[in-house]
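If you read the sequence shown in the working numbering, its first letter stands for residue 398, the second for the next number, and so on.
The set of hints was computed from the structure by calculation and includes no laboratory data.
These figures come from a predicted structure and were not determined experimentally.
Even for Gly, the Cβ is constructed at its ideal location relative to N, Cα and C.
Hints may contain errors.
Unchecked claim - Label pairs and their in silico Cβ distance ranges:
1) Ile605 / Glu580: 15 to 25 Å
2) Gly604 / Asn466: 20 to 30 Å
3) Leu469 / Thr432: 14 to 24 Å
4) Gly568 / Thr432: 28 to 38 Å
5) Gln420 / Leu526: 17 to 27 Å
6) Ala565 / Ala620: 18 to 28 Å
7) Gln501 / Asn588: 20 to 30 Å
8) Gln523 / Ser417: 35 to 45 Å
9) Ile605 / Asn438: 36 to 46 Å
10) Gly568 / Asn588: 14 to 24 Å
11) Thr432 / Asp587: 26 to 36 Å
12) Lys529 / Gln501: 16 to 26 Å
13) Thr612 / Asn438: 21 to 31 Å
14) Leu469 / Asp587: 34 to 44 Å
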Amino acid sequence: MTEKKYVKICGLQSVEVLKSMIQLPIDYIGFVFATSKRQVNSEQASILIQTLQEWEDYPAPQSVGVFVNPTLEQLKEIVEIAPLDVIQLHGQESPELCRQIKEQLHKQVFKVVSLTQTDQPQPVEQQLLPYKGVVDAFLLDTYDPLYGGGSGKTFAWDQIQPYHQWTAQQGIPLLVAGGLTPENISSLLDNHLLEGVDVSSGVETDGIKDIMKITTFVERVKA
398 MTEKKYVKIC GLQSVEVLKS MIQLPIDYIG FVFATSKRQV NSEQASILIQ
448 TLQEWEDYPA PQSVGVFVNP TLEQLKEIVE IAPLDVIQLH GQESPELCRQ
498 IKEQLHKQVF KVVSLTQTDQ PQPVEQQLLP YKGVVDAFLL DTYDPLYGGG
548 SGKTFAWDQI QPYHQWTAQQ GIPLLVAGGL TPENISSLLD NHLLEGVDVS
598 SGVETDGIKD IMKITTFVER VKA
């Protein structure tokens, strides 16, 4: 691991927990607007985003809103209240919606590709090429039939290679999520090429973000 990887901590709901993280080198903080036990509304997210300016030893993380099949109008209403830096799309959103988000809302777009334990259902280029030029990163996550992602389960990591081969050729960062923990993150990074990782339940204890787990996870990603 030569280049430092991006790290995203997702599913934040508490200002107190966020403040406990302000001395860590975290690149992205995710706020879930989609249906989830970690869901926040625009007003909550606005307060949490303000807290990001309190980061001390490192640049403030960028704020990421996680959505499943939103409309452009819904996104417009939300970003007026919560000034997100990135819109992360977890559903079947079209390349056209991604383009509109970038052109009209002037936000970065992360498009999630949901994977199962089996091989990808169609060729990688066929999946990703329509989004070239309208997304800023792709994120591989484990498919969850209820919420689209956030399952806390891993997918078969041998699927990463063909995705990274294509995204690297296009100069598009690839992030990986799905069942990551402080215990398995080093194995992922030692054996697979990618630009960043995204964790939520893997740094929780009894459903609550655990600063010790977050610290260990971040240290191992940035090692």
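Structure-based check of all given hints:
The hint said 15 to 25 Å for the Cβ distance between Ile605 and Glu580, and at roughly 18 Å that hint holds. The beta-carbon spacing between Gly604 and Asn466, approximately 25 Å, falls within the hinted interval of 20 to 30 Å. Taken as a hint, the range 14 to 24 Å holds for the pair Leu469 and Thr432, whose Cβ atoms sit roughly 19 Å apart. The hinted range of 28 to 38 Å is satisfied by Gly568 and Thr432, whose Cβ atoms lie roughly 34 Å apart.
Between Gln420 and Leu526, the C-beta spacing of about 41 Å breaks the proposed range 17 to 27 Å. Between Ala565 and Ala620 the beta carbons are some 22 Å apart, a value that agrees with the proposed interval 18 to 28 Å. Evaluation of the 20 to 30 Å hint for Gln501 and Asn588 yields a failure: the beta carbon distance comes to about 40 Å. Remark: the range hint 35 to 45 Å for Gln523 to Ser417 is upheld by a beta-carbon distance near 43 Å.
For Ile605 paired with Asn438, a C-beta distance near 19 Å fails the hint of 36 to 46 Å. At about 23 Å, the CB distance of Gly568 to Asn588 agrees with the hint of 14 to 24 Å. Hint check: Thr432 to Asp587, Cβ distance near 35 Å, so the stated range 26 to 36 Å holds. Hint check: Lys529 to Gln501, Cβ distance near 19 Å, so the stated range 16 to 26 Å holds.
Taking the beta carbon of each, Thr612 and Asn438 are about 28 Å apart, inside 21 to 31 Å as hinted. Distance hint check for Leu469 and Asp587: the Cβ-Cβ separation is about 41 Å, which falls inside the suggested range of 34 to 44 Å.
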